[in-house]
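Asker: Residue numbers (full-length UniProt numbering): 1 to 503.
Keep in mind that the hints were calculated from the coordinates and are not lab data. Just to be clear, a hint being listed does not mean it is correct.
Claimed, not checked - Below, computed lysine-lysine pairings styled on DSSO-like, alpha-carbon distance capped at 30 Å: (1) Lys25 / Lys458; (2) Lys325 / Lys485; (3) Lys452 / Lys20; (4) Lys39 / Lys458; (5) Lys485 / Lys452; (6) Lys322 / Lys478; (7) Lys322 / Lys452; (8) Lys325 / Lys25; (9) Lys289 / Lys25; (10) Lys478 / Lys325; (11) Lys494 / Lys25; (12) Lys478 / Lys452; (13) Lys485 / Lys458; (14) Lys289 / Lys322; (15) Lys39 / Lys325; (16) Lys39 / Lys25.
None of these values were measured; they are calculated from a predicted model.
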Amino acid sequence: MATHKRSRTGCWTCREAGYKCDELKPFCGRCTRLRITCKGYGIKLKWQDDGVSTLAKPPRKGRKKKTIDQVQAPSPTSIVSFASTPMALSSPEFAFSSPESTNSMPTLPLNSPGLSYGLSLDDRWLLNYWVEQLSTLISVAPRHGVATPFQRHLTAMAYESPALRSTILSMAANHLALTSNNASLHLQGYRFQRNAIRELQQMIQDPVEIYAEPALATVMMMQVSARLFGDDDEAHVANHLIGAKAIISRHEGDGWLASSNARFLMSLLAYHDILSSVSRGSQPLLDHKTGFTAVEGEQQLESIANVLLVVAQISQLQHAIKMRKAESTTCLALSEDENTTGRRIQQTLLAMDFVACKQEDTQEDTDISSTAEAYRHAAFIYLYRTWLDIGAPNPISMEHINQCLSQLQQVDAHSPLTSSHIWPLFTAGCEAIDSTQRHFVRIRFEELYAVKRFPSLKRVMRDIEHVWEAKDMEQQTKGQAGMAKVDCIQVILKRRGREVELA
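Hey, can you work out the whole structure from these sequences and the hints?
Answerer: Set out below in structure tokens:
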């Protein structure tokens, strides 16, 4: 007979093992003592890989304190299960201060007044905040006085899809809580997040809805939300990209990409999948060569997408090298094929030159070119780390570190392009050894947080500080050669037990 009770409020490692947890953060005492991975706390969504066959379990009946326990819903290609920490369904009334009264609430940019029918005044206020403020902070696309891709493709869809709407409202509430210093909005955001999980559960049980655009939109916005607002103590944020892969795996051919909404969603998936492959130290989940032509589906952002497709090739090379080393621990030298691939990728990056073809028509054009060039130099840094296992202070890497930071510095912190700067800023910033460059990286993250108020920005800066500490320590013990061997991504994976939010 077991002498312990299953934990329902502790970290996920203790909960899954059935042990009582002391709930210390960021890592609980039991996990620290046993030197095992502490999986963190909070809402947890599990996307199981294709081919898993599990019987569906109905939701548990409510108790005095109703909870969302593990529920599994089968689909033709995957099983998606959800779990969360126990929480009461009741929540306080939606209370937050607003500069406008309810009578002077801004008008929602709706095609039809009927779209807002059935929404509470509080929900409409949050949805308006998403449209007017938050969506513009997330989007990379230059404004041009028109709606951003997130506004055009998701807002109307949110009125049709409860799961997508709840996800967006959760993001709006969480962001408003930060910008207004109103902690009660975090509770509201948690309630919407809980609702989104329930509504997505219902959606994935429908063989038609699960493969419709709103389902993919919901999963992708959950991915964006987890990256921007996820708990720093959560070691394993749900990887919704696996769910997105399951959703699109049933779509044969590129016919469904005829829809502008689908093209936008696929570009969003490609952007996150490729950058996540860098932080995972693995290959992308999908091949994006045909479906990813421009970031957010905006033609003017084609140059950034072109570099990201090369980044995907580097991640594939990294995966191949890891698999080969895992199979044979005696042969550590690069194979001929790996060397050939590295040289081919290098030549591809050398052939790109976004500075030479800069269009000086507008500041936006200049910002796009500078961003694409920063991505190109960051790709060089990533390639040399993967292919040659070198970084700063090696002169080969230093040239691209200097160029990458220089290009980023040319873009004003208020430019929408800075929403895409996290990866190049992390990649070059981690390798920076000059005090002036490190100062710029710190200041730029402070500026970006002041503009956007995304918690992920502070987390990434803390991650960079961890890498600097590791590189400086390695230099003291093993010199510059040892410092050059420090892999930034691996430092965070080992020290923090999670990925870096690069997207």
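Asker: Run through the hints listed earlier and report the numbers of any the structure violates, in increasing order.
Answerer: 3, 5, 7, 8, 9 and 12
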